[in-house]
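> Given the sequences, and given the hints that come with them, work out the whole structure.
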Amino acid sequence: MSGKSLFEKIWEEHAVEELPGGETLLYIDRHLLYELTCAVALRRLREAGRRVRRADRTWAVADHMLSTAPGRGPESFPPAIPYLRALERSSRDAGIPYVGPDDPRQGIVHVVAAETGVVLPGMTVACGDSHTCTLGALGAVAFGIGTGGIEQVLVTQALPVRRPPVMAVQVEGGLASVVCAKDLALYLIGRLGAEGAAGHAVEFMGSAVRALPMEGRFTLCNLAVEFGARFALIAPDEETASWLHAAGVDGAGSTAWPEAACADAHFDARHAFDIDGLAPQITWGTGPAQVCAVTDAVPDPASLGAAQAAAAERALDYMGLRPGQPLRGLPVDDVFIGSCTNGRLSDLRAAAAVVGSRRVAPGVRAWVVPGSRTVARAAQAEGLHEIFLAAGFEWREPGCSLCVAVNGEAVPAGHRAVSTSNRNFEHRQGRGARTHLASPASAAAAAIAGSIADPREF
Amino acid sequence: MEPLTCIEAPAAPLLRENIDTDALFPAAWAWDFETDYAAALFANWRYLDGRSIEDPDFVLNRNGYRGARILIAGGNFGCGSSREHAVWALAAFGIRVVIAVSFAEIFRGNAIANGVLPVSLPRASVEALARAARAHPGAPFRVDLVRGSIRDCEGNGVAFAIEAAARERLLAGVDDIDIACARIAAIERFEAARPPGRH
Ligand code: SF4
Numbered sequence: 001m002s003g004k005s006l007f008e009k010i011w012e013e014h015a016v017e018e019l020p021g022g023e024t025l026l027y028i029d030r031h032l033l034y035e036l037t038c039a040v041a042l043r044r045l046r047e048a049g050r051r052v053r054r055a056d057r058t059w060a061v062a063d064h065m066l067s068t069a070p071g072r073g074p075e076s077f078p079p080a081i082p083y084l085r086a087l088e089r090s091s092r093d094a095g096i097p098y099v100g101p102d103d104p105r106q107g108i109v110h111v112v113a114a115e116t117g118v119v120l121p122g123m124t125v126a127c128g129d130s131h132t133c134t135l136g137a138l139g140a141v142a143f144g145i146g147t148g149g150i151e152q153v154l155v156t157q158a159l160p161v162r163r164p165p166v167m168a169v170q171v172e173g174g175l176a177s178v179v180c181a182k183d184l185a186l187y188l189i190g191r192l193g194a195e196g197a198a199g200h201a202v203e204f205m206g207s208a209v210r211a212l213p214m215e216g217r218f219t220l221c222n223l224a225v226e227f228g229a230r231f232a233l234i235a236p237d238e239e240t241a242s243w244l245h246a247a248g249v250d251g252a253g254s255t256a257w258p259e260a261a262c263a264d265a266h267f268d269a270r271h272a273f274d275i276d277g278l279a280p281q282i283t284w285g286t287g288p289a290q291v292c293a294v295t296d297a298v299p300d301p302a303s304l305g306a307a308q309a310a311a312a313e314r315a316l317d318y319m320g321l322r323p324g325q326p327l328r329g330l331p332v333d334d335v336f337i338g339s340c341t342n343g344r345l346s347d348l349r350a351a352a353a354v355v356g357s358r359r360v361a362p363g364v365r366a367w368v369v370p371g372s373r374t375v376a377r378a379a380q381a382e383g384l385h386e387i388f389l390a391a392g393f394e395w396r397e398p399g400c401s402l403c404v405a406v407n408g409e410a411v412p413a414g415h416r417a418v419s420t421s422n423r424n425f426e427h428r429q430g431r432g433a434r435t436h437l438a439s440p441a442s443a444a445a446a447a448i449a450g451s452i453a454d455p456r457e458f
Numbered sequence: 001m002e003p004l005t006c007i008e009a010p011a012a013p014l015l016r017e018n019i020d021t022d023a024l025f026p027a028a029w030a031w032d033f034e035t036d037y038a039a040a041l042f043a044n045w046r047y048l049d050g051r052s053i054e055d056p057d058f059v060l061n062r063n064g065y066r067g068a069r070i071l072i073a074g075g076n077f078g079c080g081s082s083r084e085h086a087v088w089a090l091a092a093f094g095i096r097v098v099i100a101v102s103f104a105e106i107f108r109g110n111a112i113a114n115g116v117l118p119v120s121l122p123r124a125s126v127e128a129l130a131r132a133a134r135a136h137p138g139a140p141f142r143v144d145l146v147r148g149s150i151r152d153c154e155g156n157g158v159a160f161a162i163e164a165a166a167r168e169r170l171l172a173g174v175d176d177i178d179i180a181c182a183r184i185a186a187i188e189r190f191e192a193a194r195p196p197g198r199h
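Protein chains in written order, with the numbering used here: chain L, 1 to 458; chain Y, 1 to 199.
Derived by calculation from the structure, the hints in this document are not laboratory data.
Source: prediction; values computed, not measured.
Heads up, the beta-carbon is just placed ideally off N, CA and C, and yes, glycines get one too.
Be aware that one or more of the hints could be misleading.
Just the calculated beta-carbon pair ranges, DEER-fashion [claimed, not checked]:
hint, chain 1, residue 1, chain 2, residue 2, range
1, L, GLY100, Y, ASN61, 39 to 49 angstroms
2, L, GLY356, Y, ARG131, 54 to 64 angstroms
3, L, ALA306, Y, ARG147, 25 to 35 angstroms
4, L, GLY414, Y, LEU171, 46 to 56 angstroms
Structure, rendered in C-alpha cells:
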C-alpha cells in the first residue's frame with residue numbers, strides 16, 4: 001500500500017466525519033476574516049440570532065477596502081466605513097481578535113496571517129478569498145470559501161468539503177538571478193492552463209521549490225489558484241522554520257509540524273518541469289495563463305486551439321495588441337508593486353535592486369504598496385522606501401489596493417499597467433485597465449524604462 | 001432558498017471562456033452595502049459606462065434574452081475571486097441555471113448553496129445548445145433537475161448528471177447553515193478527542 005501525501009495527512013487529521021453526500025466535514029483550525037466578504041456574513045449571522053462558536057480560532061483584519069494613500073484616514077475612502085464598522089463591531093461583540101486600520105500589524109490578510117503566526121504548518125485554514133492557498137506554503141491546508149461557507153465556519157468551526165484529488169507538481173532546476181518565484185509561477189500557469197489543476201490540491205516539490213526562499217513559496221502557492229487549484233502546499237522544512245523564527249513566531253509548535261509526503265505517496269496526477277534558463281515572464285492577455293517570456297512577441301491567436309483562439313482574439317482586442325508585436329518596449333502608464341502575491345520584503349528588495357539610483361520614466365505613475373505594516377517597517381529600516389521615493393515611486397500604506405481596485409484606487413481606462421498582482425482579468429484593476437502581470441523586478445524595470453522591459457538588462 | 005425542480009425559460013448564449021467572478025460582479029459594485037445585485041451582473045459588459053448605459057450588443061440587453069433564466073457559457077466559468085456576490089448577481093437577475101463546459105470549484109459550490117444549478121456538458125453539446133438559443137431568441141428551454149434533462153428550444157434533448165448531494169440540496173432548497181448546525185455535537189466530540197498539542 002502506498003504512503004500518504006502531505007495533503008492527505010493534514011486532511012485526515014482534521015476530518016470530523018464523512019458525510020452521506022460524499023463530502024468530508026473538515027475541522028477548521030483558523031478562520032480568517034476581512035471586511036469585504038465577511039461583513040455580509042456577520043450581518044446575516046446577527047440577523048438570524050446565531051453565535052460565533054469559536055472566536056478563539058477566528059481572526060479578522062482590514063485590508064481590501066482600505067485606502068492606501070499616505071496618511072490615510074476613514075475619510076480617504078468613505079464607502080469602506082460601513083464595512084469596517086461592521087467587522088469591528090461584530091469582532092468586538094464575539095471576542096474575535098481584530099487587526100484594524102491603525103493596528104501596527106495591519107496588512108493583507110494572507111501576508112499578516114503568516115507573519116504573525118496566526119497560521120502555522122499543519123493547520124487547516126479557511127478564508128473568504130480565493131488566494132487563501134497562499135498560506136499552504138507553510139505546509140497548511142488553506143483554501144478559499146464563499147459567504148455561505150464563512151457563515152458555516154463561524155457557527156460550527158467546520159465545513160463540508162469534497163476531498164480533492166492530489167496533484168504533484170515537481171519543479172527541478174535553478175532560477176537565474178532576477179528571475180524569481182513569480183516568473184516560475186506564471187510559467188507554470190502558462191504551461192498547465194487556467195484549468196490545469198481544476199478540482200485538485202497541488203503539492204509543489206522538487207529542487208527548484210526546495211531552493212525557494214519562504215516568501216517565494218508564498219508567491220508560488222498564491223498563484224496556484226490561477227491554474228485552477230483550490231489548495232496548494234509545500235512541505236515545511238528548515239527554511240519554513242527559520243522564516244517563522246525571523247518573523248518572531250514561536251517555534252515551539254514545530255514538534256507538531258506535518259512531515260512531507262511519504263516517498264511512495266500516491267498522487268492522482270503528476271507534472272514535472274525543468275526550469276533551468278527560465279526567462280522573466282509577463283502576461284499579454286486577460287487571463288494569467290496568457291503569458292510568455294518578456295523577450296517573446298504577442299502570439300497569433302490562430303496558432304492556438306479553437307476555444308483558446310477566440311479567447312485570445314478577444315484578449316488582444318481588449319489589451320490593444322496585435323499578433324507578432326514585441327512585448328518589450330510597449331509603453332507603460334502605471335506600475336503597481338504590491339499584493340499578497342508580491343508585497344513582501346524580498347519583493348520590495350528585488351524591485352529596489354533594479355531601481356538603484358535610477359528614476360521612474362516621465363509620465364509613469366508608479367506605486368509601491370507594502371503587503372503589511374510589518375513589511376513596511378522592515379523595508380524602511382533598510383532604507384528601501386528612500387530608494388523608491390528618490391526614484392519617483394509613491395510609497396503607500398499597506399492594503400490590497402490596485403490588485404482588486406475596490407478601495408477607490410484604480411488604473412485609469414485605457415492605461416497599460418505592469419502589475420505584480422495575480423489577476424489580469426478585463427476591468428479587474430479598473431474599468432478598461434490593461435494589465436500585464438510580472439515580477440517585482442520586471443515591474444521596477446518597466447517603471448524605469450517607461451515600457452515593458454527585461455529586468456536582466458538592468 | 002427557493003427549491004429548483006424544473007425551469008422553462010429563455011436561455012442566453014455567452015460562449016466565452018474563463019468568465020470570471022469579477023466579470024459577473026465587478027468589485028466596485030460592493031461599495032454600496034445595499035447594492036443592486038441584479039443591476040450589477042456583468043456590469044462592465046452590460047453597460048457602456050460600466051454603470052447604467054446599456055450596450056445594445058450585449059446578449060442580456062437584446063430582445064428575447066432580457067428574461068433569460070438560463071445562461072450558456074464556455075469553460076472554467078466562475079474562475080477568479082471567491083466572492084459569492086457573483087452568484088447573488090446571477091440569482092437576482094433571475095438566472096437559476098448555468099450550462100457551461102466546466103466550472104471553477106469555489107463558484108460551483110457557491111452556486112449550489114444559493115440555488116443556482118451548474119450543469120457541465122461536453123463542449124459540443126454546449127455549443128449546440130448555444131446555437132439553438134442564438135437561432136431563436138427568447139424561445140424557452142426546459143431544464144428538468146428531477147429527470148436530469150435539458151430540452152432546447154428546437155426540441156433537442158440532452159441529459160446531464162450532477163452529484164446526488166447537490167441535486168438533493170437544490171431540489172429541497174434547504175439552507176446549508178441549518179444542516180450545519182445539526183453537526184455541532186459531532187464537532188464537539190472531535191474537539192474533545194483531539195490529541196493535545198494539536199493546533
Ligand atoms: S492582494 Fe489581491 S488577491 Fe490578495 S487578498 Fe488582496 S485582493 Fe485578494
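> All the hints need checking, so say for each whether the structure fits it.
Here's how the hints hold up against the structure:
1. L:GLY100 with Y:ASN61: 39 to 49 angstroms: Once the Cβ atoms are compared, 42 angstroms apart, the range 39 to 49 angstroms for ASN61 (chain Y) and GLY100 (chain L) holds.
2. L:GLY356 with Y:ARG131: 54 to 64 angstroms: Since the Cβ atoms of GLY356 (chain L) and ARG131 (chain Y) sit about 57 angstroms apart, the hinted range of 54 to 64 angstroms holds.
3. L:ALA306 with Y:ARG147: 25 to 35 angstroms: holds (32 angstroms)
4. L:GLY414 with Y:LEU171: 46 to 56 angstroms: Once the Cβ atoms are compared, 48 angstroms apart, the range 46 to 56 angstroms for LEU171 (chain Y) and GLY414 (chain L) holds.
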